Structures are given as structure tokens and as C-alpha cells.
Amino acid sequence: MTNQPAGASLDTIRDIKQMMERSSRFISLSGLSGISAGVCALAGAWYVNDTIEHTNFGQAYAAISLTLHLVKVAVIVFLAALISAFFFTYLRSKKTHVPIWGTQAQRLMINMIIPLGVGGLFTLKLVDLGVYGLVAPSCLIFYGLSLLNASKYTFKEIRHLAIVQLLLGLTNCWFVGYGLYFWAAGFGIAHIAYGAIMWWKYEKQA
Amino acid sequence: MKNPIEHLNKIFDSRIRLGIMSALMVNESINFNDLKELIQVTDGNLASHLKTLEEATYIKVQKAFIGRKTNTTYSVTKAGEKAFKSHLDALEQMIRSMN
Chain A
1 MTNQPAGASL DTIRDIKQMM ERSSRFISLS GLSGISAGVC ALAGAWYVND TIEHTNFGQA
61 YAAISLTLHL VKVAVIVFLA ALISAFFFTY LRSKKTHVPI WGTQAQRLMI NMIIPLGVGG
121 LFTLKLVDLG VYGLVAPSCL IFYGLSLLNA SKYTFKEIRH LAIVQLLLGL TNCWFVGYGL
181 YFWAAGFGIA HIAYGAIMWW KYEKQA
Chain B
207 MKNPIEHLNK IFDSRIRLGI MSALMVNESI NFNDLKELIQ VTDGNLASHL KTLEEATYIK
267 VQKAFIGRKT NTTYSVTKAG EKAFKSHLDA LEQMIRSMN
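Taken in order, these protein sequences are the chains called A and B. According to my numbering, the first sequence is numbered sequentially starting from 1. According to my numbering, the second sequence is numbered sequentially starting from 207.
Simulated from the structure, these hints should not be mistaken for lab results. The structure presented is a predicted model; accordingly, all values stated were derived computationally and were not measured. Careful, some of the hints might be misleading.
[Unchecked claim] Below, in silico cross-link-like pairs of lysine-lysine (BS3-like), each with a Cα-Cα straight-line distance of 30 Å or less:
no., chain 1, residue 1, chain 2, residue 2
1, B, Lys275, A, Lys156
2, A, Lys94, B, Lys242
3, B, Lys242, A, Lys152
4, A, Lys125, B, Lys242
5, B, Lys291, A, Lys204
6, A, Lys17, B, Lys216
7, A, Lys17, B, Lys269
8, B, Lys275, A, Lys94
9, A, Lys201, B, Lys242
10, B, Lys266, A, Lys125
11, B, Lys242, A, Lys17
12, B, Lys257, A, Lys17
13, A, Lys95, B, Lys242
14, B, Lys269, A, Lys156
15, B, Lys242, A, Lys156
16, B, Lys269, A, Lys152
17, B, Lys216, A, Lys152
18, B, Lys266, A, Lys17
19, A, Lys152, B, Lys266
20, A, Lys156, B, Lys216
[Stated by the list, open to error] Here chain A is said to cover these stretches of chain B; the calculated rule only asks that three of the stretch's residues, wherever they fall, bring their Cβ under 8 Å from a Cβ of chain A:
no., region
21, 219-228
22, 242-253
Don't be surprised by glycine CBs; every beta carbon is placed ideally from N, CA and C.
Bound-form chain A, shown alone (with noise of 0.2 Å):
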């Protein structure tokens, strides 16, 4: 007998596989995404460290107009993320032939929303309390458990990035005070990373 059947017998548990694979996870997501929204991060924590150096403290209406301002920041940031994260896995979606509000989608978003949902709520509350110490560890911790959640439903790989934003969320309440160093590390640094690892694996070639 020669080699041929095994050879098609391989072909064919490789469709399977990529088939089964296709199907379940929501596999258009782009490691540009994540590089795009990390460069949004450390821009925001940067401008934000800049602010926070040239603010007089000694004011009382100085802190609150801060607060407020720092709100604002953080919005402008998570959507200049979120936006630029969307285009390019628009982008990608056209290629793997996947549609980007299909039903792998759906199953993904619904599964990050419900714990980034509880954690925003939970981290303005904390900022209501003025209990700014957490802010970043908050954000942290439940970025990090939605990405875990939503592991099942794209690339294996993202429960990697989900353990880092984890151990960066935990460590850094043992050093409070130091929030937004650890929130450029997880939102900024380990996005970039891990786009870049992404890309680099599954989507250079293309």
C-alpha cells in the first residue's frame, strides 16, 4: 500500500479540526488589536502621570476637577481602544471569512461583558468611595477574570494574557500607590505583547 490514504486520511482530520475550530471560536481577532489598544493605554497613562505631576494638591477643588477629570481620560481611552481594537478585527474578519457579529462574536462579547460590566461598576464605585488606592487593581483583576471567561470562546492563547492582568491585579494591592505603573504594565505592555505574539503567529504570513 502506498502513503496515499494516510495522507488524505491527515488532510482530513486537519479540515475537521479547523472546521470544529472555526465554528465554535471567534477566531478573527487581531493581535494588531491588542497592539493598537496597549498604544492607547500607556498614551492614556502617560498623559494621565503627566497630569497628576502638575496638579497643586493643596487646593481642595484642585483633587475633585482631577477626579473628574481623570473619568474622562479613562473613557476617552477605553474607547480610542475599543474603536481601534473593532477596525482591525473588521479587517481580519474579512479574511478568515468569519463574520464579526456572528454567532462565535455574540458568545464572545456576551462573555466578557457580564464580568467587565460588574468590575466598571464596581471600580466607580470605588472611585465614588474615593477609595483611588484599588482603582488599577480593580480594573485589573476583572479585566483579567473577563478575559479568562472569554478564553473558551477565542484564542486559547488570551487565557495567557488573562493570567498576567490577574497577577498584575493581586500583586499590585500589596502596593497600592503605585496603580498606574501596574495598569500600564497590563493595559499597555501586555496588550502590545501579546498582539504581537498573536500576529506573529497566525497572521504574518497572510
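Chain A is already provided as a structure; the job is to place chain B on it using the hints.
Same frame as chain A, now just chain B:
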């Protein structure tokens, strides 16, 4: 030596039917349009392969309405699951017998 090819299921000879089964094995159900997008075939082609699988009782069809539009979803039956698994076993046997 027994010919391993005889254990392969003829119904899964077609790449399209194999694709449909693979997708349905890992999802509770998938609708027609998502299947079309996944497998990249025309409506008529997909429909005829779905018919074959339905007639073999490997898949079942659920018709529902979303507003006025029909939403037809497909899911794998117990018989289909069994047939697909033994097809995979046969493929595995073939690869092993070559080594």
C-alpha cells in the same frame, strides 16, 4: 489484512458534508446562514448536502421564525454523533496502519 477503507462512512466522502458534521459536533445548533458562511458554498449546494444528512438521520432540522423571516437551525442527532465518531476512528486506524 483487513481493508480499513471499508469502515469509512460513504456519506462523509463529501468535504461539504464532513464540514457540516464537524461544525455541528461542537455547537448545540447552527443556522443555515452561519453554515453557509463557514463552509463557503452556495445555498443550493448546502441545502442538498443538508438534505442527504437529514435523510441519513444524522442531523435534525428545527424551523422557527424571527419576525417574518424563517430561521432554520440544524443540530446533530445521536445517530449522527455515533456515525461521525466511528468515521474518525476509521480515519485513525488508516493512519496507524500506514506507520
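These are the hints, each one checked on the structure:
1. As the CA atoms of lysine 275/B and lysine 156/A are separated by approximately 35 Å, the hinted pair breaks the 30 Å bound.
2. For the suggested pair lysine 94/A and lysine 242/B, the alpha carbons sit about 15 Å apart, so the restraint of at most 30 Å is met.
3. Proximity of lysine 242/B to lysine 152/A is assessed by CA-CA distance (about 23 Å); at most 30 Å being required, the pair is judged to hold.
4. Distance hint between lysine 125/A and lysine 242/B is unfulfilled; the C-alpha atoms sit about 46 Å from each other, more than 30 Å.
5. Under the criterion of a C-alpha separation no larger than 30 Å, the hint pairing lysine 291/B with lysine 204/A is inconsistent with the structure, at around 35 Å.
6. Taking the CA atoms of lysine 17/A and lysine 216/B, the gap is near 20 Å; set against the 30 Å cutoff, the hint holds.
7. For the proposed pair lysine 17/A and lysine 269/B, the alpha carbon gap of about 28 Å is at most 30 Å, so the pair holds.
8. The suggested pairing of lysine 275/B with lysine 94/A holds, with an alpha-carbon distance near 26 Å, which does not exceed 30 Å.
9. For the hint pairing lysine 201/A with lysine 242/B, the CA-to-CA distance comes to about 27 Å; that is within 30 Å, so the pair holds.
10. Pair hint lysine 266/B plus lysine 125/A does not hold up; C-alpha atoms about 49 Å apart against a cutoff of 30 Å.
11. Taking the CA atoms of lysine 242/B and lysine 17/A, the gap is about 18 Å. The hint holds against a cut of 30 Å.
12. For the suggested pair lysine 257/B and lysine 17/A, the alpha carbons sit about 23 Å apart, so the restraint of at most 30 Å is met.
13. Between lysine 95/A and lysine 242/B the alpha-carbon distance is near 16 Å, which keeps this suggested pair within the 30 Å criterion.
14. With a C-alpha separation of about 33 Å, the suggested pairing of lysine 269/B with lysine 156/A is violated against the 30 Å cut-off.
15. Between lysine 242/B and lysine 156/A the CA atoms are separated by roughly 25 Å; this keeps the pair inside 30 Å, and the hint holds.
16. A threshold of 30 Å between alpha carbons decides the hint, and for lysine 269/B with lysine 152/A the separation of about 28 Å falls inside it, so the pair holds.
17. Simply put, lysine 216/B and lysine 152/A have alpha-carbon atoms about 33 Å apart, too far for the 30 Å limit, and the pair is violated.
18. Note on lysine 266/B and lysine 17/A: the hinted pairing holds, with a Cα-Cα distance of about 22 Å set against a maximum of 30 Å.
19. With a CA separation close to 26 Å, the supplied pair lysine 152/A and lysine 266/B stays within the 30 Å bound.
20. A threshold of 30 Å between alpha carbons decides the hint, and for lysine 156/A with lysine 216/B the separation of about 34 Å lies outside it, so the pair is violated.
21. Requiring three or more residues with a Cβ within less than 8 Å of a Cβ of chain A, the coverage given for the region 219-228 of chain B holds, as 4 such residues are present.
22. Taking a C-beta to C-beta cut-off of 8 Å, the region 242-253 of chain B contributes 4 residues in contact with chain A, enough for the three needed, and the coverage statement holds.
When held up to the earlier numbered hints, the structure conflicts with 1, 4, 5, 10, 14, 17, 20 and fits the remainder.
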